[in-house]
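Q: Sequence:
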Amino acid sequence: MNERSQKLLQIRPEIPSAKILPNMSNDERFQNETLRPIIKLQNDLLLASFQNYIVKGKNSFYTLNIENRLNYITNAIQKDIKFRNSLKGMVIGQFTLEEYETYIKNSSALNKRMMNMVIKRLQDQIQCFEKEVLV
1 MNERSQKLLQ IRPEIPSAKI LPNMSNDERF QNETLRPIIK LQNDLLLASF
51 QNYIVKGKNS FYTLNIENRL NYITNAIQKD IKFRNSLKGM VIGQFTLEEY
101 ETYIKNSSAL NKRMMNMVIK RLQDQIQCFE KEVLV
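Each residue of the sequence shown is one higher than the one before, starting from 1 at the first, in our numbering.
FYI, nobody ran anything at the bench for these hints, they're computed from the structure. In this text, all values refer to a predicted model and were calculated from it rather than measured experimentally. Incorrect hints may appear among the rest.
Once the Cα atoms are required to be at most 25 Å apart in a straight line, the calculated DSS-like pairs of lysine-lysine come out as [to be verified]:
1. Lys58 <-> Lys105
2. Lys58 <-> Lys19
3. Lys105 <-> Lys56
4. Lys105 <-> Lys40
5. Lys112 <-> Lys82
6. Lys82 <-> Lys40
7. Lys131 <-> Lys105
8. Lys7 <-> Lys56
9. Lys7 <-> Lys40
10. Lys40 <-> Lys79
11. Lys79 <-> Lys120
12. Lys19 <-> Lys56
13. Lys120 <-> Lys131
14. Lys19 <-> Lys131
15. Lys82 <-> Lys58
16. Lys88 <-> Lys120
17. Lys7 <-> Lys82
18. Lys131 <-> Lys112
19. Lys88 <-> Lys105
Now the in silico label distances, taken between C-beta atoms and shown as ranges [claimed, not checked]:
20. Gly57 <-> Pro22: 32 to 38 Å
21. Pro16 <-> Lys120: 14 to 20 Å
22. Ile11 <-> Asn106: 35 to 41 Å
23. Ser17 <-> Cys128: 17 to 23 Å
24. Glu130 <-> Ile11: 27 to 33 Å
25. Leu21 <-> Asn65: 38 to 44 Å
26. Tyr62 <-> Lys105: 17 to 23 Å
27. Lys56 <-> Asp27: 31 to 37 Å
28. Asp27 <-> Gln6: 36 to 42 Å
29. Lys120 <-> Gly93: 31 to 37 Å
30. Leu97 <-> Asn71: 17 to 23 Å
31. Gly57 <-> Lys7: 19 to 25 Å
A virtual CB, placed ideally from N, CA and C, is assigned to each residue, including glycine.
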């Protein structure tokens with residue numbers, strides 16, 4: 001393992017709830033060992049990126065009710081390929097070389113897991129996207 005890989009692993013948060021069990025599939029193991037910590041590490045960047053996406057979308061997000069806002073997040077990530085690729089890059093850029101080699105063996109399924117996790121994370125923090133009220 002090279003110095004870059006060691007440093008990347010050192011800065012990742014530990015997630016005690018992300019269990020690694022012997023009977024897990026390789027994809028589930030990769031999700032819990034690699035994707036979860038990286039997505040948690042990149043949380044602020046993911047939030048800022050979606051906030052920028054809202055602004056570039058002419059703030060139409062703010063005219064929606066809560067259910068439609070949740071759908072807006074899902075649709076933005078699933079249907080806007082440029083935005084989705086940008087988010088993937090934020091996560092993949094934090095892979096070690098070894099993790100990247102694992103990722104490319106099954107990138108399609110892992111991308112699906114990755115984007116579902118990002119969608120869930122943004123939806124769970126939807127209050128971060130409220131317009132600030134000026135007093």
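Q: For every hint, state whether the structure bears it out.
A: Do the hints match the structure? See the list:
For the hint linking Lys58 to Lys105, the alpha-carbon distance of about 39 Å lies beyond 25 Å, and the restraint is violated. With a C-alpha separation of about 41 Å, the suggested pairing of Lys58 with Lys19 is violated against the 25 Å cut-off. With a C-alpha separation of about 35 Å, the suggested pair Lys105 and Lys56 falls outside the 25 Å cut-off, and the hint is violated. Pair hint Lys105 plus Lys40 holds up; C-alpha atoms about 23 Å apart against a cutoff of 25 Å.
Restraint check: the Cα-Cα separation between Lys112 and Lys82 comes to about 15 Å, which is no more than 25 Å; the hinted pair holds. Of the supplied pair hints, the one linking Lys82 and Lys40 holds, its CA atoms being roughly 22 Å apart against a limit of 25 Å. Using a Cα cut-off of 25 Å, the hinted pair Lys131 and Lys105 is violated, with the two alpha carbons roughly 42 Å apart. Between Lys7 and Lys56, the direct Cα distance comes to roughly 34 Å. Violation of the 25 Å bound is thereby established for this hinted pair.
Annotation: proposed proximity of Lys7 to Lys40 holds, straight-line Cα distance about 16 Å (limit 25 Å). Restraint check: the Cα-Cα separation between Lys40 and Lys79 comes to about 23 Å, which is no more than 25 Å; the hinted pair holds. Annotation: proposed proximity of Lys79 to Lys120 holds, straight-line Cα distance about 16 Å (limit 25 Å). Straight-line distance between C-alpha atoms of Lys19 and Lys56 comes to about 38 Å, which puts the hinted pair past the 25 Å bound.
Using a Cα cut-off of 25 Å, the hinted pair Lys120 and Lys131 holds, with the two alpha carbons roughly 20 Å apart. Using a Cα cut-off of 25 Å, the hinted pair Lys19 and Lys131 is violated, with the two alpha carbons roughly 37 Å apart. The suggested pairing of Lys82 with Lys58 holds, with an alpha-carbon distance near 17 Å, which does not exceed 25 Å. Restraint check for Lys88 and Lys120: satisfied, since their Cα atoms lie roughly 15 Å apart, inside the 25 Å limit.
Restraint check: the Cα-Cα separation between Lys7 and Lys82 comes to about 29 Å, which exceeds 25 Å; the hinted pair is violated. Only pairs whose Cα atoms come within 25 Å are accepted, and Lys131 paired with Lys112 is rejected, the gap being roughly 30 Å. For the suggested pair Lys88 and Lys105, the alpha carbons sit about 16 Å apart, so the restraint of at most 25 Å is met. At about 45 Å, the beta-carbon gap between Gly57 and Pro22 misses the expected band of 32 to 38 Å.
At about 18 Å, the beta-carbon gap between Pro16 and Lys120 stays in the expected band of 14 to 20 Å. Range check, Ile11 to Asn106: Cβ separation about 25 Å, and the 35 to 41 Å hint is violated. The hint said 17 to 23 Å for the Cβ distance between Ser17 and Cys128, and at roughly 21 Å that hint holds. Remark: the range hint 27 to 33 Å for Glu130 to Ile11 is upheld by a beta-carbon distance near 30 Å.
About 40 Å separates the C-beta atoms of Leu21 and Asn65, a value consistent with the hinted range of 38 to 44 Å. The hint said 17 to 23 Å for the Cβ distance between Tyr62 and Lys105, and at roughly 41 Å that hint is violated. Distance hint check for Lys56 and Asp27: the Cβ-Cβ separation is about 32 Å, which falls inside the suggested range of 31 to 37 Å. For Asp27 and Gln6, the Cβ-Cβ distance of about 25 Å falls outside the hinted range of 36 to 42 Å, so the restraint is violated.
Between Lys120 and Gly93 the CB atoms are about 21 Å apart, so this pair departs from the stated range of 31 to 37 Å. As the Cβ distance of Leu97 to Asn71 is approximately 37 Å, the hint placing it in 17 to 23 Å is violated. Checked against the given bound of 19 to 25 Å, the beta carbons of Gly57 and Lys7, roughly 36 Å apart, lie outside it.
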